[in-house]
Amino acid sequence: MSANALANQKYGLLIHYDFCTGCHSCEMACKKEYGLEQDQFGIKVAQYGPVQNSEKKWEFFYMPMLTDLCTLCAPRVAEGKLPTCVHHCQAKVMQYGTIDELAEQLKLTPKSALFAPKCNA
Amino acid sequence: MVVKGNTYNLELYKDMYTWQEGDYQVFRTTQWSAPGCHNGCGVLFYVKDGKVEKIEGDPQNGWNCGTLCMRCLDILESMYDENRLKYPMKRAYEDRGKNKWERITWDEAYDIIEEKVRYIQKNYGHESIIAEIGTGRNVWWQVPWGCFAGLQSPNQTGAFLSGDSCYSPRSSILALMSGEYLTSDMSQMLPDRYESKEWVVPECITIWGCNPIMSNGDGYLGHWIVEAMKRGSELVMVDPRINWLSAKAKHWLRLRPGTDAALAMAILNVMIKEKLCDYDFIEKWTYGFDDIAKAVEDMTPARASEICWIPEQDIIDAARFMATAKPMAMHWGVAIDQQPSATPTGQALICIAAVTGQIDNPGGSLVTRSAYNISLFSQEGFEDNITEEQKEKRLGMHKYPMRGTGISAMAHTDVVLESIETDGASNDCEQYPIMMQWMQGCNPIANMAAEAPRVYEAICKVPFNVVVDVVMTPTAMACADLLLPAAMGSERDSIRAWWWPLRAITKITDYYEAHGDEQILLDLVNRLNPSAAPGEEVKDWVNDLLANHSEADFDFDYLKEKVIVWPEWHYYKHEKGLLRWDGEPGFNTPTGKIELRVDWLEANGLSPVPFYEEPHESPYSTPELYKEYPLVLTTGARSYEYFHSEHRNLPSIRAFHPDPLVEVNPETCKELGLEEGDWVWIENQRSRCRQRIKFNPGLDKRVVAAEHGWWFPESDPERLFNVFDSNINNLTTQCDIGKSGYGAAYKCLLCKIYKCTEENSVITPTAQVLDKGGFKYERKRLS
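Line by line, the protein sequences are chains Z and W. Going by our numbering, the first sequence opens with residue 1, and the numbers climb by one from there. Going by our numbering, the second sequence opens with residue 122, and the numbers climb by one from there.
Everything labelled a hint here was simulated from the structure, so no lab data went into it. Some hints could be false.
As the list claims (entries may be wrong) - Straight-line alpha carbon distances no greater than 30 Å define the calculated DSSO-like cross-link-like pairs of lysine-lysine that follow: (1) 125(W) to 81(Z); (2) 660(W) to 207(W); (3) 815(W) to 32(Z); (4) 175(W) to 683(W); (5) 211(W) to 628(W); (6) 56(Z) to 371(W); (7) 56(Z) to 791(W); (8) 683(W) to 125(W); (9) 111(Z) to 447(W); (10) 44(Z) to 371(W); (11) 81(Z) to 628(W); (12) 81(Z) to 681(W); (13) 822(W) to 371(W); (14) 44(Z) to 815(W); (15) 628(W) to 447(W); (16) 681(W) to 57(Z); (17) 57(Z) to 44(Z); (18) 135(W) to 32(Z); (19) 32(Z) to 107(Z); (20) 901(W) to 748(W); (21) 56(Z) to 394(W); (22) 44(Z) to 175(W).
Working from the sequences, and respecting the hints, build out all of it.
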């Protein structure tokens, strides 16, 4: 996907993964909202660590990733609701918005990632 | 930069009890068990044609602020599981263990109960009936009342949780030292939460003996701590395992399981030696500081380092940070309780909170009571229903004097077990046999009972058993004569006051003939002792509680409409005369101060100050055993998927976590020729069970951490769902507890692990228990 195409996409999720606790609420909320099969995910949490970087420092973080099944909850958003993963995220590390506004916030938020899923193409 | 998530659309998420949204009637209420956990989150049930079709977190509820965990998000699978109990059922005594049930009506069930209870009362005494509950579920203020008012027995108890090793050890020592409960302050007392002007973000949160984001123990939602971390709180994490919190901690103290008292005393040693304490607070509000200074004098960081397997400098650095960070919130969990030195460990931890002056201050440790002082939590509030003579017959009251301090009206679990085993000959009061168990919301042989095979024998020995639950459990299959179907959260009226604010639980739907726990107990009391019943409906009962046992000036209908009501909160209550019965400043203790030294303990043959006691089975106390079992075993670490033994029957949850897991350091595995995912036998001198290896490189190489609560609902009910195969409580023991009567070694035993093979798996633990008469070893007895 070219940088240009990305810039044209309108909505996405900013995920402040520094504080993602890996609780699976986003995954379960999505599965139940859309009746997904057991091996299907609209959002899936990946894990890095625990890994020891130095004698005193451990690294252990989670990263929720959006799959091609993600619609950014278009039906919910049309009703005025938040995507269900954002609504239920226990650590409240997910933000739904336009790519432009989220990109601004991304600059101020270390250990975060901006997702523009396929549904936005 | 604090990412707070988006703002919810409050035109859609209303501040009222119910509204219409498209085809759905939306109900705003509180979800407590069943299915279970320690929390009471605000939820929205979306109902169509009398059936819940979906659930969402309630953004208007300041407890969970719109979020939900995966278990609530999957609640429909629980509520509409085909295997849920639908009708009352009975089974012939000789068919115990067999899947031979006969559907009966509620009236028939109550007739049977009434007849049995009256027969036992007449021939053996009221005290011969015991009532048992499980942790944190929405039965644990109701069952004590039902036991006292209905069965009129003094013996309500936790279901074979050895040493009452959940919260009672902490709460009893808190009662003696401070007269109160203490809870870490994450703004949960204030309706505006993290935006409240009064609240201060803790500079340090000391988390000791729990992983709150998974366990959510003790009426506390763990993710509140994450909000504080996002706002700058740093952690001191005391935990043998690396997990998400310990990896992020400023100071992670990886202690050897069961050595918490030594570590806490060493931290006090540093604070006192380096004069880092809050001497103004100590002078004004504590008693016995010099005795504490003396008690911890010899527990230097160097000595604790050897005991706890933590580098000396780490202890010093953490102690300095805990003492100088303001405010410092102490958050302590069940691991404190699940070791024989539960009481002295609790003493040392309360001393840390007190000598740093971090008591009832914003961002510190709050003096916490139930909202509107409603007398639900402390079960002695219901004791008016039994006679003084009956109280004297409560098992364990005489053997363990701390039980008489007024904080717990529970019979002692290990004394109950021995009473069953000896037909009452071992009672610490008048001799009487246990003739009946009323078991509600508990599944001891799958979950909390130490030495599960021994407890299996005991529960089957009792002549008549009633089990109230939501699904068929191994416990029910093993021993129930009557099985009563319990309603789930949205199928019952109830109330939630543990701790704050006050919340309504509202009946919205029905499920076949399942009845709410409250309704069942109310029916029981109306049958057996109608003069004690506040009415026939749960609403009558709740209104009686609100009117006569609380400071609230509203009734259930008001609460139901509001859903959640916040009383006015006060910090520094001890300064304002808001704690003591006489209205004077101070704490509810004999000295009016936090008693660092507890004279009452000394008068009752216990140590007035903390001390260190080595775990009873350990590398140092039992070196011969350690040669054969060279790994320290800690059990019961929580996961996001499961609340104790629940949720194993739900495919969507199980897919995330299909098998029982034992965490082991990869280097230990390499030495033992084991790979991640291997099934291994975990074994000690008592017994064994099998779980799968999960690597944890952050565990000490000498420590393994095994899960609890495993049974296999998909397997044969008549094999008790293979409840013993992966049951870590095959290895734990009953009747080896702290001198105070509190604390059993769920967290600090020894074991070895080796790979499961076809040859060494011929006789499974379940087969050993059900077909071969159990495991042979010498059972411990209370000393």
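Tested hints:
no. : hint             : verdict
1   : 125(W) to 81(Z)  : holds (16 Å)
2   : 660(W) to 207(W) : holds (23 Å)
3   : 815(W) to 32(Z)  : holds (28 Å)
4   : 175(W) to 683(W) : holds (22 Å)
5   : 211(W) to 628(W) : holds (27 Å)
6   : 56(Z) to 371(W)  : holds (9 Å)
7   : 56(Z) to 791(W)  : holds (24 Å)
8   : 683(W) to 125(W) : holds (26 Å)
9   : 111(Z) to 447(W) : holds (27 Å)
10  : 44(Z) to 371(W)  : holds (29 Å)
11  : 81(Z) to 628(W)  : holds (26 Å)
12  : 81(Z) to 681(W)  : holds (25 Å)
13  : 822(W) to 371(W) : holds (22 Å)
14  : 44(Z) to 815(W)  : holds (20 Å)
15  : 628(W) to 447(W) : violated (44 Å)
16  : 681(W) to 57(Z)  : violated (49 Å)
17  : 57(Z) to 44(Z)   : holds (26 Å)
18  : 135(W) to 32(Z)  : holds (23 Å)
19  : 32(Z) to 107(Z)  : violated (33 Å)
20  : 901(W) to 748(W) : holds (21 Å)
21  : 56(Z) to 394(W)  : holds (26 Å)
22  : 44(Z) to 175(W)  : holds (21 Å)
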